[in-house]
Structures are given as C-alpha cells and as structure tokens.
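Note that the protein sequences, when read in sequence, are chains A and B. Position one of the first sequence corresponds to residue 6 (our numbering), numbered consecutively onward. Position one of the second sequence corresponds to residue 187 (our numbering), numbered consecutively onward.
It should be emphasised that the hints constitute simulated quantities derived from the structure, not laboratory data. Bear in mind that the values here come from a model prediction, so they are computed numbers and not experimental data. Quick reminder that beta carbons are idealized off the backbone N, C-alpha and C, glycines included. Wrong hints could be hidden among the right ones.
[Stated by the list, open to error] One side only, chain B facing chain A, incomplete, derived with CB under 10 angstroms:
hint, residue
1, R236
2, R243
3, G402
4, R404
[What the hints assert, rightly or not] Subject to a maximum C-alpha distance of 30 angstroms in a straight line, what follows is the list of computed BS3-like cross-link-like pairs (lysine-lysine):
hint, chain 1, residue 1, chain 2, residue 2
5, B, K233, A, K45
6, B, K281, B, K198
7, B, K461, A, K69
8, A, K41, B, K233
9, B, K198, A, K37
10, B, K420, A, K295
11, A, K37, B, K233
[Claimed, not checked] Only part of the chain B face toward chain A is listed, based on derived beta-carbon distances under 10 angstroms:
hint, residue
12, V239
13, H403
14, D405
15, V406
16, G428
Next come the chains, spelled out residue by residue.
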Amino acid sequence: MNLATKGAREIVASAPHVDTVGAVERATALTKRSIKKESKRWALELALSMVDLTTLEGMDTPGKVRSLCAKARRPWEGGPAVPAVAAVCVYPSMVPVAVEALRGSSIKVASVATAFPSGKSPLALRLDEVRWCVEHGAHEIDMVIDRGAFLAGEYALVFDEIAAIKEACGPAHLKVILETGELQTYDRVRQASELAMHAGGDFIKTSTGKVPSAATLPVTLVMLEAIRDFHDATGKLIGMKPAGGIRSAKQAIQYLVLVNETLGERWLDPDLFRLGASSLVNDILRQLAKERSGRYASLDDFPID
Amino acid sequence: MSAPLRVWKTWKLFVNGQFPRSESGRYDVVKDASGATVANVCRASRKDLRDAVEAARAAFPGWAARSAMNRGQILYRIAEMLDGRRAELAALLGKGGEREVDAAVERWIHYAGWTDKYQALLGTVNPVAGPWFNFSMAEPSGVAVAFAPEDSPLLALTSLVAPLIAGANTCIAILSESAPLPGLLFGEVLATSDVPAGVLNLLSGRRAEILPHAAGHRDVNTLLVASPTAAEAKLAQEEGAGNVKRVHCIAAPSGGWSAPEAQGLAWIERGQEIKTVWHTMQL
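I would like the entire structure built from these sequences, with the hints used as guidance.
Shown next, in the form of structure tokens:
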C-alpha cells in the first residue's frame, strides 16, 4: 500500500456520516425565507453574476457559441444595465470560439474536459484533453470523476486522477464534478467531496446535467458543509457549483440563502460560488423586469441567446 | 340510528389541472339569500394569477399543436361531463338553473363543432397584383384572461372561455365574485374531461384586486372583461397597451347570455391573430 492509497482511504473513512433526513429538512426549511424588494433585486443581480452560462449539446455550432457569448456579455440586450455572467461553459472543441468571442471581457471560459460526461477514457487522453483546453485559452476546467472507480472503492485511483488533472491544468482553475445523481447516497457525496478537495480541486460541482437527477438543495447542502469543514481544518477556500436543473430565479435565490447560511457572506462571490445553467438567465431577467416595472414580465421580452 | 355525518366541501381554485388553495391563505364567504353561510371560497391573489399564467403559457404550445378535430372532441367531452353534473349545478344556480346548465352544455357542443371550421372562415386567399400566392390565416393569440360577469355564473363563463379554447388559446377565468360556486364546480367537470392541465384555469377572487395585474401582465395576450365599469375598462385598456394586448370589454348581450348573439364566430375571432404570408407562385 503506497502513501497515496492510505491517504485516500483515510480521507474517505474520516468523512462524517450525513444525516439524510436532517439535510433534507434543513435545506427545505431554508427555502421558506422571504426575500423581497431591494434584497431580491440584489440577490437576483448577484445570482446573474455567478452564472456559468452553459451549452453542452452535440449540436453546438460556432455560431451558437458566439451568440451565447454575446448573451454572456450583455444578458439584457436593449434593457437596463445588469451584471455580465461569470463564465461561459462549453465543450473543448468550442473553447477557441468562446475565447475569441469573449476577448476583452472579464468573462471566463470554462470547458468540460476529461471525456465528459462519463470520464471513461484512459487517463493519458484525459490529461491531453485538459492540456489542449488550457493551451487554447480555457481559464477553468470542469472535470468529471470516474464514478465507477469511486463506487468500486478505488479511492486512490480517483484521488490520483484528480491530482494529475489539477497538475495538467496549470494556471487554470479546476472544478471537480462528482455527478451526485450517480453516487446514490449523501454519505457517498460527502466522501467524494472530501476526496476532491484534498486532491486539489478548486471547486466542487454537483452534476454534469446529463443524468436525470442533477443539483438539488440537500445535496448542495452536504457539499457546502464539506467545504466549511475543509476550510475550518485547512484554511483553504473551496468553491461550489451546483449545476443542472436550476431554471428559475426562485431556485437560484434559494441556493444563495443556503450558501450564506452554511458558509457565510465570504462565499457570496463569483470566485467561490457558481450556478451552472442556461435558461436561468432569462428567468432572472424576467424577475428583475418585474421588480423594476411592477408588472409581470414575459420570456418573449428577452433574447433567447 | 344517528344522522349521517355531513362533510363540507373545500372549494378550491383550479390551476394546471389541480385544485390548489390560494397561496395567500385568504378566503371569502359565500352566503345564500337568507344570509346563511353556504361555503368559504379561496380569494385568489396576484400570485395565484401569476401561477395560472405560467401554467397556461406552458400548456399553450401543446394545445395549439393538437389537431382541430381533437380539440373538438375534448370540447364535446366537456359538454358530456357537464351534463352529468346537471343536478348539482342546477341546485347551485338556483331558480332557472336547469335552463342555464342546458344552455351551457349546448354552447360547449356549439364550439366543439367550430374547432375545425373557423379557420376556413377567418382565413382568406388574397388577390394580389403579382406572381404570388397571398394567404391570411387565423392563429391563436396565446394566453387569455377572462373576467366573468356577476350574472349567469355558468353560462356567461362558458360563453367567454369556450370560444377562446376552441380557438386553441389557453385561458384563465376569474369567476363571478358573488356566485363563484358554479364556476368552481365546473373545474371538477374540466378535471374529468380530457382537457390538458393548464389549458383552462379558474380563479375565484375579487376583480378589483386581480384586474390591474392581469391587464399589466406582459405574458397575457388577450384580455376579456365582461360588463366592466368605465374605470375598469379604462384600466384594462391603459395597462393592456404595455404589451399590445387584445383587450375586449364586453357588455352583456342585449338578449341575455342565452341569446344566439352570445355565441358564434365573432367570439372565436377575439382570440385570433391574422397572419398573412406571401409565397412565390413559381420559381
């Protein structure tokens, strides 16, 4: 047994057990907060500035990516000034297009490297994919863990792969996708979170968006608690990114409440919290329009991309 | 032997194919002529309206994509189920109730017949001075909100909403304020009539409270206000201008809601947009 093996096993073994009912209850209770008027407007604009505007379809074209980038720069074309989104998230082959389209802005380009969404390809190929993305200008890499290996108990393998990919990222930030919908239990989610943080992930992310069960509030709570405990133990700030299934502004605000109550205001920052989404942006704009005019808005009022 | 236990019904809204209470938790009391309480009904808020519009908007593409014949079948099914609840509805409507239910059933059948015919009557092939085909055709406006009048709580409601959904719109109706029960019972008819969730939604509440929000709502395409006061008509027109709604203020038909003039093609046309297409005759 080498050192890494022992380390990974210990990390998993020392992860605390998650009280499933408690996590669900706590997450549900926090959705009952009433955020109105000025606070709502502030929360909506903050949420907008945290969005990783995402397109991960087989049918993505350079034109589609360029129009998404235009949306990222000016979410509300023809409307009042609102914050730009945090990043645009695309497949590796679209990285050069996005980099070009976002030149001169502070919006980051994130790419889902590492044989997304399954992660089932040889490590060497995944590392090459990561290096390729970074060379072509990606600022952030969203990797997937090998869930099969994790569930089979090969923690050291998962740990080493994350560490290797982190090294391959160089200056780019690494987000580690746990694909919580495939990890079955909150205990598994907590263990995978610990593993990802110890192995060097800058962010932990819930889902690929490619399996039916994506981000939920309870699973996000479990991961946020892991981040909190990791911060208490090591002083390191790890970011969080729920992704998949976040479509309404109301949900986005619920996530912000969850973050604020679990990690505090320090994490209400696009450098430490992101929302992976696409249709969310227009729903946020719709709510902002309602706050401004007092009249309910229509999705027809906003550009699709 | 003791008398059987009387179970009071909870009268709820009908939104998205379900029967929710008002999110506001408020209610109004319905009394009979002698002043005795008949029922408590939900007093819908602007947020209930918002939810209903969301449901209607989501239901619209599917409803509009159905074949005209299938929409006719579903409207006919409403008539069948409505007929099955005749006694209960007549009792709620009071004097003349049987006649009102009969007229409502007939009106649903009337519009069931219209679903595959109005397109041919509203659409035209236009003569143009050039080598083009030029068509005008009717398309549903989208989401409609209809404010029912105080009288004829079932027949007037039917007269307003049946032509809208026959014309492939989805709809939210705000029921008679003083007599909401027949309309709410009609929700139970809809729930058993193959009408897809969200196509027709029913809210009991106060017109004065809901009208400004319905008129200003940018995702509502058509607004029908039956028997409005001058102030209500003004409000509907002004607020409705924001997103260029079709606003129709409808006075009670001179012959009453059962008169032939209270039905027909003109009522369907209120929920239609005319789209004109130019097409080359040959290349």
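**Q.** List of violated hint numbers, smallest to largest
**A.** none
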